[in-house]
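Hints given; two lone chains; assemble the complex.
If you read the sequences in order, they're chains A and B. Per this note's numbering, the very first residue in the first sequence carries number 1; after that it's consecutive. Per this note's numbering, the very first residue in the second sequence carries number 1; after that it's consecutive.
It should be emphasised that the hints constitute simulated quantities derived from the structure, not laboratory data. Virtual Cβ for every residue (Gly too), placed ideally from N, Cα, C. Worth double-checking, as some hints may not be accurate.
[Claimed, not checked] Subject to a maximum C-alpha distance of 30 angstroms in a straight line, what follows is the list of computed BS3-like cross-link-like pairs (lysine-lysine):
id, chain 1, residue 1, chain 2, residue 2
1, A, K70, A, K111
2, B, K57, B, K9
3, B, K44, A, K108
4, A, K70, B, K44
5, B, K9, A, K73
6, A, K73, B, K44
7, A, K78, A, K55
8, A, K78, A, K111
9, B, K9, B, K44
10, A, K108, B, K9
11, A, K108, A, K55
12, A, K55, B, K44
13, B, K44, A, K78
14, B, K57, A, K108
15, A, K55, A, K115
16, A, K73, A, K111
17, A, K78, B, K14
18, A, K73, A, K108
19, B, K57, A, K78
20, A, K70, A, K108
21, B, K44, B, K14
22, B, K57, A, K73
23, B, K57, B, K44
24, A, K55, A, K73
25, A, K108, A, K78
[To be verified] Across the chosen pairs, the derived CB separations fall in these ranges:
id, chain 1, residue 1, chain 2, residue 2, range
26, B, L115, A, S7, 27 to 37 angstroms
27, A, K55, B, L80, 44 to 54 angstroms
28, A, Y97, B, M27, 17 to 27 angstroms
29, B, A82, A, T18, 26 to 36 angstroms
30, A, K115, B, I54, 44 to 54 angstroms
[Claimed, not checked] From the structure, some residues in chain A lie toward chain B, with a derived Cβ separation under 8 angstroms:
id, residue
31, S42
32, A71
33, F91
34, L104
35, F106
36, K115
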Amino acid sequence: AQTVTQSQPEMSVQEAETVTLSCTYDTSENNYYLFWYKQPPSRQMILVIRQEAYKQQNATENRFSVNFQKAAKSFSLKISDSQLGDTAMYFCAFMNYGGSQGNLIFGKGTKLSVKP
Amino acid sequence: NAGVTQTPKFRILKIGQSMTLQCTQDMNHNYMYWYRQDPGMGLKLIYYSVGAGITDKGEVPNGYNVSRSTTEDFPLRLELAAPSQTSVYFCASSYGGLATIDTQYFGPGTRLTVL
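For reference, chain B alone in the conformation it holds in the complex (with noise of 0.2 angstroms):
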C-alpha cells in the first residue's frame, strides 16, 4: 500500500511550457485533491474531484485544469507556466468527503519552479 505517490518530485519549467503533474493513490479513495504551498504560507486548495468523471474548483484554480478518469488517477496540467506557478504542489486524497469528515492523506509534494 504506497498511499499518494506523486511525481515528479522537483520540475524546473520556462515561462509558457506546459506539464503536467502527475497523482496516483492506492486507498480506493472517492475524494482527491491538489493544494499547493507557497513559501512561508498554508495550503491553498486548486481543484478537487469527488469521484471519477466529476471535478470542481477549489479557492485557486487560474492557470490549472484537472481530470479524474479513474478512481486512482487525479493529474494536474499547467498549460502556459508563469513565474506566479513556483510552488510546491501536494496531492491529497480521502474516503470520504464532508459527511465522514474524513482524514486527507498527502503525497510526497512536487517542487515547481518556472524561470
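Chain A with its partners taken away, still in its complex shape (with noise of 0.2 angstroms):
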C-alpha cells in the first residue's frame, strides 16, 4: 500500500524567507503524481503544485517548487519570499496512476507559520 509522510508537525518562517517543507512516500508504481496542497484555516483545501513522475524537470509556480527525488522517493516543496497568506496546513499528496479513480494519499500535514 502507497503511503506518504510528512516528518515536521510544525515550521515557522519568517516573512520573506524561504522554507523547505518535506515529504517521502513509499510506492511500488512507476507512474503516479504527486501534489502539495494547502489548507488555509478557511479549511478549503487548494492546489499548490503537483507533479507528474515520468517528468524530471521540478514543477514551478511562482513562490513555490518542489525538489523531485524519485529514486528517493522524496518531494519538497520550497516556499520563497514567504508571506503571510502562506500560514496554512500544508498537505503532500500521492495519486497512483491507474489505480481508483481519485484516491489520493494524503500525509498527516505540516502546519507553517509565517511570523512577521
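Here it is as C-alpha cells:
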C-alpha cells in the first residue's frame, strides 16, 4: 500500500524568507502523481503544485517549487519570499496512475506559520 | 461561478441519528468525491463518482452511502451516526479523473460531531 509521510508537524519562517517542507512516500509503482495542497484556517483545500512522476523537471508555480527525487521517493516543497498569507496546513498527496479514480493518499500535514 | 458548495457548515448529531451532507458543484465536473479529515490527519476518501448514476467506494466507505442523480449534486448519507464519524467532511470535484489527472477543487467542509 502506498503511504505518504510528512515528518515535520510544525514549522515557522520569517516573512520574506525561504522554507522547505519535506515529504516522502512509498510505492512500488512507476507512474504516479504528487501534489502539495494548502489548507488555510478557512479549511478550503487549495492545490499549490503538482508533479507527474515521469517528468524529470521539477514543477514550479511562482514562489512555490518542488524538489522531486524519484529514486529517493522524496517530494519537498520550497516556498520562497514567504508571505503572511502562506500560513496554513500543507498536505503532501500521492495518486497512483491507473489505480482507483481519485484515490489521493494524503500525509498528515505540516502546519506552517509565517511570522512578521 | 460558486465552485463547490457544501451544507451545512456545522452539525451535531446524537448516536443513531441520520443525516445527509449536501454537495453541489457548478463547474460541470464529471468526477466528485467525499473525504473525511480527522484531527491531525490527512484526508481519506469515502466515496467517489465518475458521472451521474455511477458511484464507487473509496478507502473508508463503511457507515456511509452516496447517490449521484445529477452532474451537479453528490449527497453523502449517514444512516446510523456513531462517534467514530465525528470528523470534518470535504466534498471535491474535478473535470477529469486519472486520464487527465485534473485538479480536484474542494468545498469549504462540514464539521460533524456525533455525541
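Report the numbers of all earlier hints that the structure fails to satisfy, in ascending order. 5, 15, 17, 19, 29, 32, 36
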